[in-house]
Every structure is written in C-alpha cells, then in structure tokens.
Amino acid sequence: MRCEDAHAMLIDGEGGEQSAALRAHVAMCAACQAYARDMEGLRAGFRALAAQAAPEPSWGFAARLVRRLDELEEKSRGADFLEQVGRRVVYAAGLLTLLLLLALVLPASSPLRGPTASELYWAQADTAVLTNYSILPDETLAGRELNSQAPGVNGAEGKR
Amino acid sequence: MEPNRAEQDPQEVAWIQSAQRGDREAFGQLVGRHQQRVFAQVFRLVRRREDVEDLAQEIFVKAFRAVRSYNFRSSFGTWLSRVAVNHCYDFLRRDRTQPVAYSVAPGDRDGGQANDLVESLQSRTEDPERQAVLRDLVGKLLERAPAEDRVILVLKEMEGMSVEEISEILELRPGTVKVRLFRARKRMLEDWRSLRQER
Chain R
1 MRCEDAHAML
11 IDGEGGEQSA
21 ALRAHVAMCA
31 ACQAYARDME
41 GLRAGFRALA
51 AQAAPEPSWG
61 FAARLVRRLD
71 ELEEKSRGAD
81 FLEQVGRRVV
91 YAAGLLTLLL
101 LLALVLPASS
111 PLRGPTASEL
121 YWAQADTAVL
131 TNYSILPDET
141 LAGRELNSQA
151 PGVNGAEGKR
Chain G
1001 MEPNRAEQDP
1011 QEVAWIQSAQ
1021 RGDREAFGQL
1031 VGRHQQRVFA
1041 QVFRLVRRRE
1051 DVEDLAQEIF
1061 VKAFRAVRSY
1071 NFRSSFGTWL
1081 SRVAVNHCYD
1091 FLRRDRTQPV
1101 AYSVAPGDRD
1111 GGQANDLVES
1121 LQSRTEDPER
1131 QAVLRDLVGK
1141 LLERAPAEDR
1151 VILVLKEMEG
1161 MSVEEISEIL
1171 ELRPGTVKVR
1181 LFRARKRMLE
1191 DWRSLRQER
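Listed in order, the protein sequences are those of chains R and G. Counting from 1, position 74 in the first sequence corresponds to residue 74 in our numbering; the numbering is continuous, with no gaps. Counting from 1, position 191 in the second sequence corresponds to residue 1191 in our numbering; the numbering is continuous, with no gaps.
Possibly wrong hints are sitting among the right ones.
[Unchecked claim] DMTMM-like mimics (lysine to aspartate or glutamate), calculated; alpha carbons at most 25 Å apart, straight line: (1) G:Lys1140 to G:Glu1190; (2) G:Lys1178 to R:Asp12; (3) G:Lys1186 to R:Glu40; (4) G:Lys1062 to R:Asp70; (5) G:Lys1062 to R:Glu73; (6) R:Lys75 to G:Asp1054; (7) G:Lys1178 to G:Glu1143.
[Unchecked claim] Derived DEER-like restraints, expressed as beta-carbon distance ranges: (8) G:Gln1017 to R:Cys29: 53 to 63 Å; (9) G:Glu1050 to R:Ala79: 41 to 51 Å; (10) G:Gln1017 to R:Leu101: 18 to 28 Å; (11) R:Val90 to G:Glu1143: 42 to 52 Å; (12) G:Asp1023 to R:Gly13: 44 to 54 Å; (13) R:Glu83 to G:Lys1062: 19 to 29 Å; (14) R:Leu100 to G:Gln1020: 45 to 55 Å; (15) R:Glu40 to G:Val1013: 42 to 52 Å; (16) R:Ser58 to G:Pro1146: 25 to 35 Å; (17) R:Val90 to G:Glu1058: 30 to 40 Å; (18) R:Ser76 to G:Gln1017: 18 to 28 Å; (19) G:Arg1048 to R:Arg68: 20 to 30 Å.
[Stated by the list, open to error] A short list of chain R residues far from chain G (calculated; beta carbon distances all over 10 Å): (20) Asp80; (21) Val89; (22) Ala103.
Hint data in this document are derived by calculation from the structure and do not stem from the laboratory. The beta carbon of each residue, even a glycine, is placed where N, CA and C say it ideally should be.
Using the sequences and the hints given, assemble the complete structure.
Below you can see the structure in the form of structure tokens.
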C-alpha cells in the first residue's frame, strides 16, 4: 500500500474502522503513524467541540417569537395596503402624463384631432390681416371692392 | 424519501397543519419543541454565543413563512434543520471577518499546544484543561474554514449525521457529500499539521 492511499483511508475512516492492510502499513510506516495521530487529534477536537454546551433559549423565547410573528403580520398588512394605494397613484400619474404628452405631440390638424376654437379664431384673424393690408394683388382688391358695391350684377361672376 | 406523516407524532402533525393555515400559536408549540436543537445547531455552526438567539429567531420566522411548503416527506426536524443550516451558511458567508482560505498563521503557542495535545492523545489523557485547549484549537481552525467546509464538517463530525442525512439537508447527492466531506477533512488536517510543524 502506498502512503497516499493510506492517508486517504485514514481521512475517510469512521471511528477507527481500519482494514487489516491499512493497519499493517501504518504499523510499519512512521510518516503514516504521525498522519494517523494527527487525524485522531482532529477528531478528538471535534468531539470536544460537540460536547461543549450550547446556549439555552432564554425564558419565553417561543412566546416572544409568536408576538414577533403577530407584529410582522400587521406590518405586512400595512405594507400591502400602502403598496396597493401607491401602485394606483403611480398608474394614475402615468396615465395623466401619457395624455399630456399626446396632447402636446400630436399635430393640430391630424386625423386624430380637429382644429380647436382658439385655432379657428386665430386663423380668421390672420386672413383678415392679409385681406386688409398686405400681399394680395391690387386687382383682386379692386375686384372685391366692385363686388361689394354691386352685388346683384357681379354676384354670379363671383360665384363662378 | 417516502412520506412519513404517519410516523410523526400526531400532535406535531396537527400543529404543523394548523401552522400551515396561518395559526401562529400552533407554530409557537412547534418552536417550543424544537428550539433547543436549533439553538445547538446554530451555536455549532456560527460559534458565537451572542448571535445564537437572534439567528434562531430569524430561522423560526423564515420557517413560519415557508411552512406551507413543508410536505411531510421528511421529518419536521430535518426540514427545520435545512432552514437553519441554509440560514447559518448565508450568515457565515455574509459576516465573514476572517480570510476565506485556510493556511493559518498561528503563534508558537498554538503550535506547541497542538504538539502537546497530540502527545496527550497518545497517552489517552482525559484532562479537562487539555480538552478545553483542544476544543479552542479546533474551534479556531473551524472558524477559519470556508463556510462550505464548516457546514459539512459540523453536520458530520459534531452533529454525528450520516451522509444520507447530510445529503437530505444540503439537498446534494450522497456522492457529492462524500467528496466534499473528504476535501474538507483533508484541508482541516493539513491546517492542523501545519500548526504542529510550526514548532
């Protein structure tokens, strides 16, 4: 048996159960005897640790735990309620923001939105300014003046 | 593992079923029955007396929240051990103040103690003082061990569990448990030997 195999068997060994081959090897090999002693030292250390008394639960531990569970349940209910309310507020705020963005982004004359009353008002005002003061040709203006003076004669021409 | 509801104490089964319906008083009865074992297990795993009660409370709170998932396939004690071991494992990983790797850097005193102790073991001395030193020394080695090694060594060497029980608690295959156990023991032994050779 090689020393490495003996070491593996010593590490694996449960409560001193060793094969005859291992015992024979350890009896003849000083290095493996030291290894076996160390392993036994470690196991004795574990046994000593296991024998150490653990702290006892303090008096009323279970009752305090039940009270703690009650408190946690109440907190959890409160948190659930707040979470539900908070979630609804967030949804409503999100919806409002979306509507506002749509109102700002959509063009004034798209199929989704007709011109508003204020837009119609300003459009009429623009037309009035153009008509009265500026860029329309003189002939057009002269014609309009004639039409306004004699509506019965030129009305048919105007319609045409 | 086969369902073993019939093998369990009927009173305990009734408490578990009530706790699964949210009855906290019934869960309190289960706490009373298992608290001592949980305290011992937590102490062996974390080795800090001042943390044991807080950790045990956290474990029982966690167990209450998860009790609906308990399906009577293993004993309630084993299921509770699983919750406790996982909680302590997370605690050890999170709270580790020592370096994760082995290779201790002990003082001469520790090396000398290790040598004396091995010699005393040869003479089978049951001196309480030597036992205390031995416990302190192996405790230090254990505290320096990675959390994974520490958990498996405590369950095997100190709780005296079988490989099958450990595999059930850690939810690993028995073959994996054996491999991890071998490696953990080997690393601890190397550390122990390096401690002795310091002298």
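Here's how the hints hold up against the structure:
1. G:Lys1140 to G:Glu1190: holds, 14 Å
2. G:Lys1178 to R:Asp12: holds, 9 Å
3. G:Lys1186 to R:Glu40: Roughly 13 Å separates the two Cα atoms, so the pair holds.
4. G:Lys1062 to R:Asp70: holds, 14 Å
5. G:Lys1062 to R:Glu73: holds, 13 Å
6. R:Lys75 to G:Asp1054: holds, 20 Å
7. G:Lys1178 to G:Glu1143: Given pair lysine 1178 of chain G, glutamate 1143 of chain G holds - Cα atoms ~21 Å apart, limit 25 Å.
8. G:Gln1017 to R:Cys29: 53 to 63 Å: About 59 Å separates the Cβ atoms of glutamine 1017 of chain G and cysteine 29 of chain R, which means 53 to 63 Å holds.
9. G:Glu1050 to R:Ala79: 41 to 51 Å: Cβ of glutamate 1050 of chain G to Cβ of alanine 79 of chain R: about 30 Å, so the range 41 to 51 Å is violated.
10. G:Gln1017 to R:Leu101: 18 to 28 Å: violated, 54 Å
11. R:Val90 to G:Glu1143: 42 to 52 Å: holds, 48 Å
12. G:Asp1023 to R:Gly13: 44 to 54 Å: holds, 48 Å
13. R:Glu83 to G:Lys1062: 19 to 29 Å: Roughly 21 Å apart at Cβ, these two residues keep to the hinted range, so it holds.
14. R:Leu100 to G:Gln1020: 45 to 55 Å: This hint holds: roughly 49 Å between Cβ atoms.
15. R:Glu40 to G:Val1013: 42 to 52 Å: About 43 Å separates the Cβ atoms of glutamate 40 of chain R and valine 1013 of chain G, which means 42 to 52 Å holds.
16. R:Ser58 to G:Pro1146: 25 to 35 Å: holds, 32 Å
17. R:Val90 to G:Glu1058: 30 to 40 Å: holds, 32 Å
18. R:Ser76 to G:Gln1017: 18 to 28 Å: Holds, at about 22 Å.
19. G:Arg1048 to R:Arg68: 20 to 30 Å: The hinted range 20 to 30 Å holds for arginine 1048 of chain G and arginine 68 of chain R, with Cβ atoms some 21 Å apart.
20. Asp80: Its Cβ never comes within 10 Å of chain G, the nearest being 14 Å, so this holds.
21. Val89: holds, 28 Å
22. Ala103: Check passes; 47 Å lies beyond 10 Å.
The structure is inconsistent with the numbered hints 9 and 10, although it conforms to all the rest.
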